[in-house]
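A.B. asks: One-letter residues, chain by chain:
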Amino acid sequence: MQGPSKIGGAVDSDLGTPPPFPETFRHRIRPYARIYIPISAFVFTFVVFGVLEPARFLTLGNGAVVLSQSAVLCVVGFGMTFVIMAGGIDLSVGSVVALTGIIGSSVGRDYGAPAGLAAGLLTGLACGFTNGLVFSKLKIPSFITTLGMLTVARGAAYVYSQGESFVVYQLPVFREIGVFPGIVYVTLGFFGICHFLLNQTRFGRHCQVIGGDERVAILTGVRLDRVKILMFSLCGFMAGVGGLLLASRVGAATPQLAVGLELDIISAVVLGGTPLTGGIGNVHNTILGALIMSMLSNGLIIMGIKSDIQLMIKGVVLILAVFLSLEREKIGIIK
Amino acid sequence: MSTLAEDSKTLGAGAAAPLVRMRGISKAFGAVQALRRVDLEVWPAEVVGLVGDNAAGKSTLMKILYGIYTPDEGEILVESKAVVFHTAHDARAHGIEMVYQDLALVDNLDIAANVFVGRELTRRFLGVVEILDKRRMERAAGQVVQTLDPDLGPVRRKVRILSGGQRQTVAIARSLCFEPKVVIMDEPTASLSLEKIHRLLELIQRLKARGLAIILISHRVEDIFTVGDRVVVLKRGEVVGGRHIRDTSVEEVAQLMVAGSPQRAMRAEGVHGTRG
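Residue numbers (my numbering), protein chains in the order written: chain A, 1 to 335; chain B, 1 to 276.
Just chain A, with the same shape it has in the complex (with noise of 0.2 Å):
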């Protein structure tokens, strides 16, 4: 074996030298694009907006608009940041976002609203825990697994609601607490805890150790099924966080809720820096990642773009996000 393998790593490499890196453009600015990226992006989509819309983007009270909305990206992103930092993802979050703002609100009116709260956050939790079960024991693929629970979840919202929409009043958190929106600071909460399970417990330590080689976790003896149990659950449980707060905010819960939010959140913590092949990544990126996608949607709004024009421009972002952070060597065959 000659020169810098692409595929190898240590077969060739003990003669003192470090192990031979493949040279490619991409593979050098890595390291600092999973830096920069997130940053540039933020700063640019601020420029292009600050710039095209100064008068009605650059002001304080959208300022506070932009970071309410991206409290939703945020809770539940921090969920799928443990998923996605694994190797998994969660299709499901946006449809058990709309279950759980239904079940938590109508439960709410009928029962006051602690109950409302407690069924929201019991349900996301099922509907987490019901997908690492699948996902860790039948051994079916997290992308498949959480695309059944994204119908199923669905079609309860449907059900549930036999089409009916349930008027929210608005959780006192929305109500400004100093200068920021009382949501600002729940997120933090929700922030730290999670900052504190990924980085300082063993159940974080074991997401990243999944999603760096699963294999390196079968073999040192790291329990899988527990952690992916978990982490998925806790994923449900952050997207039942976020159903009960996108209600609260939006005034009304209703089956159509919140379709299509698992694209922006997987963007958000995708172009946060958590890439989608897993093992690197932190909650904190998230949060970056939610707000370039939460000012990205507020920014088009206020340019007035049409709705189906954003979607589009949204799948974009989402496709670039990816193709900037995915690790192609590491998961070599491209399906």
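Wrong hints could be hidden among the right ones.
Dumping the calculated BS3-like pairs for lysine-lysine here, alpha-carbon to alpha-carbon at most 30 Å [claimed, not checked]:
1) 330(A) x 158(B)
2) 181(B) x 196(B)
3) 134(B) x 330(A)
4) 158(B) x 181(B)
5) 158(B) x 196(B)
6) 314(A) x 330(A)
7) 158(B) x 134(B)
8) 330(A) x 81(B)
9) 181(B) x 81(B)
Honestly, the hints are just simulated from the structure, not real lab data.
Fit chain B to the known structure of chain A by using the hints.
C.D. replies: Leaving out everything else, chain B in the frame of chain A:
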């Protein structure tokens, strides 16, 4: 360390039971019979070489001992107690560690994290939550790594940037961190330079002096003759011979690998049952 080494030596020599006894292990993958009624014993302070052609069943046997596969038949006794391993976690809890040929490291994590992967040290936070004790892991990993390779550098470096030999040091450090009784090494010399091979064989002797048992899977029969006490030859999933190194030759072992048969192995001697 010398007193400890002497203690374990006498302990090893006087031990009445093997550390590990695998009895009648069979394993099939679909139609392929990977192992057929294989027996293997490992005593304290003993280096056992496991040799055989490709597909002889060496790795499968070791993966069973390490809890990755469960055997279809047969039993495993650790210090005379029957055990059932469902995952590597169970095997590690019984003091059995394995260093894989490809080392099984996570590139994105640092050295300390790789040393403790799967068995992270934790401490209580605010009395209730268990959190990673990163400082203790870094210190412990640093100490073990230091004894193996003083030049490896800080344990917060990502494994991605290490050379092949350094990566192996990290993998070996992982296997030594929890006071193991048995360390399985799968082709540890396969990707090493000659100089590094000597260092590794020295390390194996040091571990043996501390009372550890080492199972060495290797294509390089000469390595097993340098450090081994006993060699077990597998062929097509069956034991075709077991010899004490001092009673055999490289030629005989090579002969067994090529032409050995299970019947001859049983006639050979009571090598499995008793220490010579």
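A.B. asks: The structure should be examined with respect to each hint, and the outcome stated for every one.
C.D. replies: Evaluation of the provided hints:
1. 330(A) x 158(B): 16 Å, holds
2. 181(B) x 196(B): Measuring from Cα to Cα gives roughly 24 Å; hence the hint holds.
3. 134(B) x 330(A): Judged against 30 Å, a Cα distance of about 27 Å means the pair holds.
4. 158(B) x 181(B): 29 Å, holds
5. 158(B) x 196(B): 22 Å, holds
6. 314(A) x 330(A): 26 Å, holds
7. 158(B) x 134(B): 15 Å, holds
8. 330(A) x 81(B): 42 Å, violated
9. 181(B) x 81(B): 14 Å, holds
Figure legend: structure checked against the earlier numbered hints; the only hint not met is number 8.
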